[in-house]
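Could you slot chains B, C and D onto chain A? The hints should help.
Protein chains in written order, with our numbering: chain A, 12 to 169; chain B, 12 to 169; chain C, 11 to 93; chain D, 11 to 93.
Since the hints were derived computationally from the structure, they do not count as laboratory data. All C-beta atoms in this analysis are idealised placements derived from N, C-alpha and C, irrespective of residue type, glycine included. Zero decoy hints are in this set.
Quick list of the computed label-pair ranges, beta carbon to beta carbon:
{"no.": "1", "chain 1": "B", "residue 1": "K60", "chain 2": "D", "residue 2": "N27", "range": "27 to 37 Å"}
{"no.": "2", "chain 1": "A", "residue 1": "G54", "chain 2": "D", "residue 2": "D40", "range": "54 to 64 Å"}
{"no.": "3", "chain 1": "D", "residue 1": "K12", "chain 2": "A", "residue 2": "K84", "range": "48 to 58 Å"}
{"no.": "4", "chain 1": "D", "residue 1": "K12", "chain 2": "A", "residue 2": "G54", "range": "56 to 66 Å"}
{"no.": "5", "chain 1": "A", "residue 1": "A56", "chain 2": "B", "residue 2": "D141", "range": "52 to 62 Å"}
{"no.": "6", "chain 1": "B", "residue 1": "A101", "chain 2": "D", "residue 2": "A48", "range": "33 to 43 Å"}
{"no.": "7", "chain 1": "B", "residue 1": "R161", "chain 2": "A", "residue 2": "D143", "range": "35 to 45 Å"}
{"no.": "8", "chain 1": "B", "residue 1": "P87", "chain 2": "A", "residue 2": "G103", "range": "17 to 27 Å"}
{"no.": "9", "chain 1": "A", "residue 1": "D141", "chain 2": "C", "residue 2": "A58", "range": "23 to 33 Å"}
{"no.": "10", "chain 1": "C", "residue 1": "D31", "chain 2": "B", "residue 2": "P87", "range": "49 to 59 Å"}
Okay, the calculated bits of chain D under chain B, using three or more residues with CB under 8 Å as the criterion:
{"no.": "11", "segment": "12-19"}
{"no.": "12", "segment": "77-89"}
Listed below are the residues making up each chain.
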Amino acid sequence: MIRVQEEDFDIGAELATFCAGDTSIGGVASFTGLVRDMAPIDGSARTIKTMTLEHYPGMTEKKLAEIEAEANKRWPLAASLIIHRYGTLAPGDQIVFVACASAHRQAAFDACQFLMDWLKTDAPFWKLEDTDTGGAWVEARDSDDKAAARWGKPETAS
Amino acid sequence: MIRVQEEDFDIGAELATFCAGDTSIGGVASFTGLVRDMAPIDGSARTIKTMTLEHYPGMTEKKLAEIEAEANKRWPLAASLIIHRYGTLAPGDQIVFVACASAHRQAAFDACQFLMDWLKTDAPFWKLEDTDTGGAWVEARDSDDKAAARWGKPETAS
Amino acid sequence: MKILYFAWMRQRIGASNEDMDLPDSVNTVDGLVDWLIARGDGYAQAFAKREVIRAAVNQEYVQFDHAVTNGDEIAFFPPVTGG
Amino acid sequence: MKILYFAWMRQRIGASNEDMDLPDSVNTVDGLVDWLIARGDGYAQAFAKREVIRAAVNQEYVQFDHAVTNGDEIAFFPPVTGG
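Chain A extracted, bound-state conformation:
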């Protein structure tokens, strides 16, 4: 299941319901992404006041659904969940939540990392950080491309 929303979400409630009642599940791996208070810009750290997430409505949902489908093709998952927020957030706020349930823990862990790695490079979101020295768009990181590549990610189109 995927959800793209402006409002916050309750991890406990999400985890309790997304795979409820399926006793074939041996493990649930999850990841929550949070807004950090510091942004490394031009080599020095700046304090973040707010972070605004812009996205491409329509394509976002399509891409997240594709990424989730790919994870379910690669691993035997009993359930999976991706929630991604947009709009203006503050340090400590939740940005993204992914969870994968499987009979075996390694499948749950791997699928969970895969979802995060691929959505980082494929889901059309952009972060604008408003810091104490002004606003700046977060730049894509090589480490994210490398993280996605370990799952056999094809080169990004450009």
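Structure of chains B, C and D alone, referenced to chain A:
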């Protein structure tokens, strides 16, 4: 933080409090282990009625604390948590919960997997499955030794 | 043809989306970019580093040699940074 | 000396723990196992596959050549299966 307890735990509450207020955190990875309804015994699957977790009070807490300390030595964690239950559980019940918070997602994911892999081979717990064809102690699995070995785990003493 | 711009491309162009008639001379994403750049400084600045820009046609990532037609939804944006 | 047994070792021996005086002849975990096996069938069955048994002295994993003294807490158990 580590906890060994008979009673159930509330993941949402645990996640909300174990790293609350630290806005240097960019990601929280977590894993929940659940009692499965089927046990593969002698090549065929049997239905689990209950699972009883026995442990070594004192040594359990000591080992879990050591494993957590090792994770904090290897990765820059803002917070970590291990909760492990003992006693008699039913399919779907929560057995174990680990969570790691870090500035960066890869550290959180790696530390979380490390905690699970090492506690599987080092923490003195034993599972007795009561199935439709009688009770049986769960046997240690080679795959767990291999999972622990990828983090440079020394040979188990014997 | 609907064109969408995101993040700093949107800011430089000063619009999040535009409805345009595709000129007959334009058949590919590359051709469209050349045509947009000729429209003004904002476009020229937005597409200055063409090699970093990503394009989507009808919400699918494409290479810049991909065909475009007048009924398409075409989006241009910097590398994504969600998650 | 306190000896603890867990899981199927506990079941075969029929006790979860025992307080004993360490015989003068016993100096190592291995020596203790030999001495226990001689005490009866339950012990012999519990220690039949000695190579799979794990031992802890004062709550630390040890090899079977590890020394034991009368003040130690010594535990024997099968490979662990928690998590």
